[in-house]
Amino acid sequence: MTGKTRILMSLIYAAFVVYVFVPLSMMVVMGFKDSKFIGFPIKSWTLDWYGRVFQDTEVMSVFGYSVLIAIGSTLVSLLIGTWIAVLLAGRKFFGRALIFSLTILPAVVPGIISAIAFRIYARLLGIEPGMMAVIWAHAVHNVPFVVLVIVARLSTMPTNYIEAARDLGADPLVAFTRVTLPYLRPAMIGAGIFCLLLSFDDFVRSYFLGGYQPTLPVLIFSKLRSGMSPEINAISTIVIVLTAVLGVWAERSMRRMNGASR
Amino acid sequence: MITDVQNQQKQSSVSSLASESGNAGQGPGDRIPFWGRVSGRRGYQALVDFLFASERRQFALLAGIPFIWVLTQHLGPVLQMLYVSFLDAYPVAVGAQTHLTLKHYLLFFEESVYRMPFLRTMTYSFALTFATLVIVYPVAYFLARHVKRQNQLAFLLLLLIPFWVGEIVRTFAIMILLGNNGAVNLLLKSLGFIDRPIPFMYTGFSVSFGVIYLTSLYMLLPLYSALEKIPASYSEAASDLGAGAWTRFRRVTLPLSYEGVASGCTLVFLMSTGFYAAPVLLGGPSTTVFAETIAGFFHVAGDRWPTGAAFACILFLASLTITALFMKFMGRLSSRGRR
Amino acid sequence: MKPINTSRRKFLGTAAAASTVFAATPYIRTAYADTGEVNIWTYDSFVPESFRKQFEKDTGIKVNIRLVDDQGKQFNLLAAEAPNPTVDIVTVAGHRFLQFIDSELLAPMDSDRLSNWGNLNPIYTESDWATINGHKWGAPILSGAEILAYNTDLVSAEEARSWDVLFSEKYKQQTAYIIQDMMSIVMLYKGYDGNMVEYLDDPEKAAAIVAEARDFLIDKKDLVRKYYDGGAEIQQMFINQDIALGHAWNGPIAKLINDGFPVDMTIPKEGSYGFVYTLNIANNAPNADNAYTFLNALLASSEIGASMTSETGFISTYKDASQHLSDLEKKSTSFTDEELAGLKFFRAEANEMKYSLVDPAVEQIKAA
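Residue numbers (the numbering used here), protein chains in the order written: chain A, 80 to 341; chain B, 7 to 345; chain C, 18 to 385.
Each hint should be verified, as a subset may be incorrect.
Within a straight-line C-alpha distance of at most 25 Å, the following computed BS3-like cross-link-like pairs (lysine-lysine) qualify [said to hold, decoys possible]:
(1) C:K347 - C:K207
(2) C:K238 - C:K286
(3) C:K336 - C:K347
(4) C:K187 - C:K90
(5) C:K189 - B:K195
(6) C:K238 - C:K187
(7) A:K171 - B:K109
(8) A:K83 - B:K334
(9) C:K153 - C:K187
(10) C:K153 - C:K90
(11) C:K90 - C:K189
(12) C:K187 - B:K195
(13) B:K154 - A:K122
(14) C:K74 - C:K90
(15) C:K336 - C:K153
(16) C:K189 - C:K238
(17) B:K154 - A:K83
(18) B:K109 - B:K235
Some residues of chain C that are not near chain B, with every Cβ distance over 12 Å (derived) [unchecked claim]:
(19) K74
(20) K90
(21) P125
(22) D259
(23) K383
Read the hints as simulated data drawn from the structure, not as lab findings. We treat Cβ as the ideally placed atom computed from N, Cα and C, and that holds for glycine.
Turn these sequences into a full structure, and let the hints guide you.
Below, the structure written as structure tokens:
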């Protein structure tokens, strides 16, 4: 790479970081505003909103609930999504195009419709509204995203990897777990992050399939009705800090695991 | 004794998992690998022999769960929606008779007012997908090619932080950034560039700003994972052969990243046809999108569910067709690129 | 609206109560098993937290509240659960009754079972919209009005006396309104019945009136900055100075006034429409008896009504609730007699005809 392109590229990256973080910093700043509404000018500052959030155990329990749902649905989506992707990326079979379009379905049905359809379908299947129903709806909705990402990665995998493993006597299952799966790892991490985000940010499905315990977006929506108050910004800021801590912890422990095995 | 073996197994399964993360597909070295030991067992062998005895059985094993899942979980709710779209009334009042009808579909083709939001959605989605690609490609490229490998994950995670804030909260943050009395206008005014605020909000600009914010992430990840695995040596080789930066990009890097471009664009296109909150909150009087029209049928009055469902089916069919065409096109492009 | 402005004492109390409930959940489950629970769908801060606590303590009935944010979603959710809903009490705006009743989602309300019914102002309980098919369907708790809100630094009170100002060139691109609601107001502004009850027998005239209102709004489309939906949006537009004036519900604007923002509201001389939020018992409610117990307790004192008003910005339907409000709260939730004379309630009788005309008209305005 020439030095010029490198500088240009890093400038573009920096501009993108600014684009992504300026609204975020707006949000964080407004969490300290001493008023019932966000926006300029800020006449005085306060920590009261944070005080309220920490004293209100509801917000924290709602956060925990949303995290549980996100993790649960992500695990299901990853399992099923990878499975479908391996099937679709494998040899041709009759109806493959059909299965592929069916796989993509949940991603293209508009949110409100899919939520209502899920609600009606849940009753058909006898699933009670609540945590399991939300996990189920999020999992189904997120499968297409996993499949798209994993298929893209699989399509670039040299077939001779698997052939080599099979030549060395590995059965298909071993070849899959020892060769394909490790190759898919980066894609699976990416897809997993997608799913976590999609689930964590989902409002309609959580609303229609949830019980009396709200998820974070549902809580925020109901609070929003009485105005966009700095309290919502304080909640969101805390959520960001918590997820960042969780993320760093996950990355660290992953590294430690890697280090220990070496 | 038995517990001992189990312990060992557990340990080695952890270590084999861990080592997999480091080096793709190579054995973990001197230790007897977990899978090696498992596959040595007689019971396992018998099971494998049975399961993988024939191609057909192998395929049934691989395809069983996906088929069942896709048919019951993906198709079920949609069939329900399709069914509702043909009903003359829904929810069905107790004891009432329902009839099948095509009138909700005909409404779309008869009433020109619905065509405009539909076409607008398609145009926006196209334009925004393309814009997102152009904006995000250099970012993904920089991440994958110019950042040291061990730092890439950290750089990537950094960009993901803002997305943990809900869509609504982010959208309101954009409002106080772009409003007449928002951060940008205040800054421009204090620097003396403007006297009167520039009305950014409730225009095509504010919608694009908000939507690209949302879609860029879904473009970034596939692009990054495609670019990340292109060996640097390829473009070095091209450089040795005398190719300039632009030629190297056009002839080497770009063709090799087509899969990432295809899956990123598909994701973003599909998502942007269904976007609701950002266009509704950031758009002006003349930027109504089709998802808003559809949601209107579910919000305003209860007896218009079937119309909403029919319109959703139309949108769904259209986006699926476009996606299929696009995938076909990209497939052709990338196979030509490889040759 | 939100607890934000209410006292710290209440907030701390809530937190303490919440943590106790949390720690004691297993115990409380069994304790409540005898007397049961009541499930409520309502808007944020419509049921005061202190009241909820007291009620649970006094009766042993556990109150489960599910916060909703929109009438349509509530309808969809209830329709999806029918005919055996999980909910006992829902919150419906008076003029949306008919839709819920027609779909058999609500049970008639037996006001004889509510000994505190008389604490409500008869303006609301005995109003023409309140009785449908010979039954009462809900207990009115808060009332709202469609008003003209304006930034007092930019628009004079004199200008704001008429809806004209919303369509004047002077404030081009500085106005906003909820377009569905604006259709009714424009009909009233043009001298027609925005409820369309008068034209039930004359559908052609009804169609002509809606077309006139539609063409008017299309003609004025280049003057408007935004067709919005939610209260939070108009609050933000005022704060960001994206608009100088707009049509709104009184609740969100009252909250802006109470926060010290230079905004005021009026019911213009051409008149406007009002609506009432009612608590209703769902058809086949699983705990109907508890629901009546809850409603009766809620209606017991005007202080409860006042606390709903101070948290939501809407007008109380309780007799004498204003005694318990601060001066600013009183000012932000009251109108002059002259203004109130022009206020009519939304009515549901002609809704089917009205919305079959208005909904497509709204689409046409948006597409124009």
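Taking the hints in turn, this is what the structure says about them:
{"no.": "1", "hint": "C:K347 - C:K207", "verdict": "violated, 32 Å"}
{"no.": "2", "hint": "C:K238 - C:K286", "verdict": "holds, 23 Å"}
{"no.": "3", "hint": "C:K336 - C:K347", "verdict": "holds, 14 Å"}
{"no.": "4", "hint": "C:K187 - C:K90", "verdict": "violated, 38 Å"}
{"no.": "5", "hint": "C:K189 - B:K195", "verdict": "holds, 22 Å"}
{"no.": "6", "hint": "C:K238 - C:K187", "verdict": "holds, 14 Å"}
{"no.": "7", "hint": "A:K171 - B:K109", "verdict": "violated, 39 Å"}
{"no.": "8", "hint": "A:K83 - B:K334", "verdict": "violated, 36 Å"}
{"no.": "9", "hint": "C:K153 - C:K187", "verdict": "violated, 46 Å"}
{"no.": "10", "hint": "C:K153 - C:K90", "verdict": "holds, 23 Å"}
{"no.": "11", "hint": "C:K90 - C:K189", "verdict": "violated, 34 Å"}
{"no.": "12", "hint": "C:K187 - B:K195", "verdict": "holds, 23 Å"}
{"no.": "13", "hint": "B:K154 - A:K122", "verdict": "violated, 44 Å"}
{"no.": "14", "hint": "C:K74 - C:K90", "verdict": "violated, 32 Å"}
{"no.": "15", "hint": "C:K336 - C:K153", "verdict": "holds, 19 Å"}
{"no.": "16", "hint": "C:K189 - C:K238", "verdict": "holds, 10 Å"}
{"no.": "17", "hint": "B:K154 - A:K83", "verdict": "holds, 18 Å"}
{"no.": "18", "hint": "B:K109 - B:K235", "verdict": "violated, 51 Å"}
{"no.": "19", "hint": "K74", "verdict": "holds, 35 Å"}
{"no.": "20", "hint": "K90", "verdict": "violated, 7 Å"}
{"no.": "21", "hint": "P125", "verdict": "holds, 16 Å"}
{"no.": "22", "hint": "D259", "verdict": "violated, 5 Å"}
{"no.": "23", "hint": "K383", "verdict": "violated, 4 Å"}
When held up to the earlier numbered hints, the structure conflicts with 1, 4, 7, 8, 9, 11, 13, 14, 18, 20, 22, 23 and fits the remainder.
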